[in-house]
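Enquirer: Sequence:
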Amino acid sequence: MAASDPESGKTRSSSQLPEVDDQIPEELNKHGENGNAEKYLGRIENNRRYHLYREGSYLLPNDEKENERLDIHHALVMTIMDDKLFLAPLKNPKRAIDLCTGSGIWAVDFADMFPRCEVIGNDLSPTQPSLVPPNLQFIVDDVESDWLYEDAPFDFIHARYLAEAIRDMPRLLRQAYSCTKPGGWVEFHDWDTHPYSIDESLKGTDFEYYYQLVLAAFIKQGYYTQPGKHLEKWLTDAGFVNIHVKKYRVPLGTWAKGEKNVGKREGPSNEQYIYGRTWRRQRNVWRMLSSRLALVIGFPSSTNVFR
Numbered sequence: 001m002a003a004s005d006p007e008s009g010k011t012r013s014s015s016q017l018p019e020v021d022d023q024i025p026e027e028l029n030k031h032g033e034n035g036n037a038e039k040y041l042g043r044i045e046n047n048r049r050y051h052l053y054r055e056g057s058y059l060l061p062n063d064e065k066e067n068e069r070l071d072i073h074h075a076l077v078m079t080i081m082d083d084k085l086f087l088a089p090l091k092n093p094k095r096a097i098d099l100c101t102g103s104g105i106w107a108v109d110f111a112d113m114f115p116r117c118e119v120i121g122n123d124l125s126p127t128q129p130s131l132v133p134p135n136l137q138f139i140v141d142d143v144e145s146d147w148l149y150e151d152a153p154f155d156f157i158h159a160r161y162l163a164e165a166i167r168d169m170p171r172l173l174r175q176a177y178s179c180t181k182p183g184g185w186v187e188f189h190d191w192d193t194h195p196y197s198i199d200e201s202l203k204g205t206d207f208e209y210y211y212q213l214v215l216a217a218f219i220k221q222g223y224y225t226q227p228g229k230h231l232e233k234w235l236t237d238a239g240f241v242n243i244h245v246k247k248y249r250v251p252l253g254t255w256a257k258g259e260k261n262v263g264k265r266e267g268p269s270n271e272q273y274i275y276g277r278t279w280r281r282q283r284n285v286w287r288m289l290s291s292r293l294a295l296v297i298g299f300p301s302s303t304n305v306f307r
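UniProt numbering applies: residue 1 is where the sequence shown begins, and numbers increase by one.
Simulated from the structure, these hints should not be mistaken for laboratory data. Hints may contain errors.
Here are the simulated distance ranges between beta carbons [claimed, not checked]:
id : residue 1 : residue 2 : range
1  : Ser-178   : Lys-91    : 31 to 37 Å
2  : Tyr-209   : Asn-242   : 38 to 44 Å
3  : Pro-182   : Gly-222   : 31 to 37 Å
4  : Glu-200   : Tyr-248   : 37 to 43 Å
5  : Pro-115   : Glu-200   : 45 to 51 Å
6  : Pro-182   : Glu-45    : 42 to 48 Å
7  : Pro-195   : Lys-65    : 40 to 46 Å
Glycine included, every Cβ here is placed at the ideal spot set by N, Cα and C.
I would like the entire structure built from these sequences, with the hints used as guidance.
Expert: Here you go:
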């Protein structure tokens, strides 16, 4: 995790929300108010739904099962962080954005906490709730496109779980820097998605084999699978100062003494993640791996990885 504030001395002007992408249907930009957004949610493959806007740029599902997984992840991170929504020393933010907001649960909680703050949650999918605090707006947007927020910068930029979702993290952080007010903060929470075992008990298991295959495939397609370990350097390179880093070990399952509540949440979440990402990768992207993946995809219910 990392939080930092940009160097002061820049002059910024404040304005209204930037114009949204004119290629996005109106129903998408106002999906909280317009029931027609349902038809833009995505297409079904292997009984899972995947996003339609900028189709294929994000490889995980966007259906209700995936939103449930993201909400479990939110509960996991809240447990790790002692029920804190963020670590940055915010006082009275006026404008904030949650990048790749997913189910929108973090943005809703943040908007409730700061009712005088204008909060935006953006995502490729209009899957967030419609009943939200009045100071919160969800918009459909692609964070890997050029940002349009420089004339309306933020006091706080927040992002979680961008592993295996972003192809150019350094550019994303440079854009975040350009859209942060002097004295503002950005906070990124992300993973090293490679599994580790203290006693090396994962060596030679189907679980290790699965990750070797699938993470290599994500890397081949240009996605970062270990962004957490690089955040400090990327923030520094982007121009941020006063950078703070906190690292947490996240157990899978209830094996870890004193960390059972964390493991209870991460085990089932990781299992859903495995099924959600594998079948589409197998069918559409990495056909050469399909027969090998099929041999190991059944392992979560037949091993003690998530015990």
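Enquirer: Please go over all the hints and tell whether each is borne out by the structure.
Expert: Tested hints:
no. : hint                           : result
1   : Ser-178 to Lys-91: 31 to 37 Å  : violated (23 Å)
2   : Tyr-209 to Asn-242: 38 to 44 Å : holds (42 Å)
3   : Pro-182 to Gly-222: 31 to 37 Å : holds (33 Å)
4   : Glu-200 to Tyr-248: 37 to 43 Å : violated (21 Å)
5   : Pro-115 to Glu-200: 45 to 51 Å : holds (50 Å)
6   : Pro-182 to Glu-45: 42 to 48 Å  : holds (45 Å)
7   : Pro-195 to Lys-65: 40 to 46 Å  : violated (22 Å)
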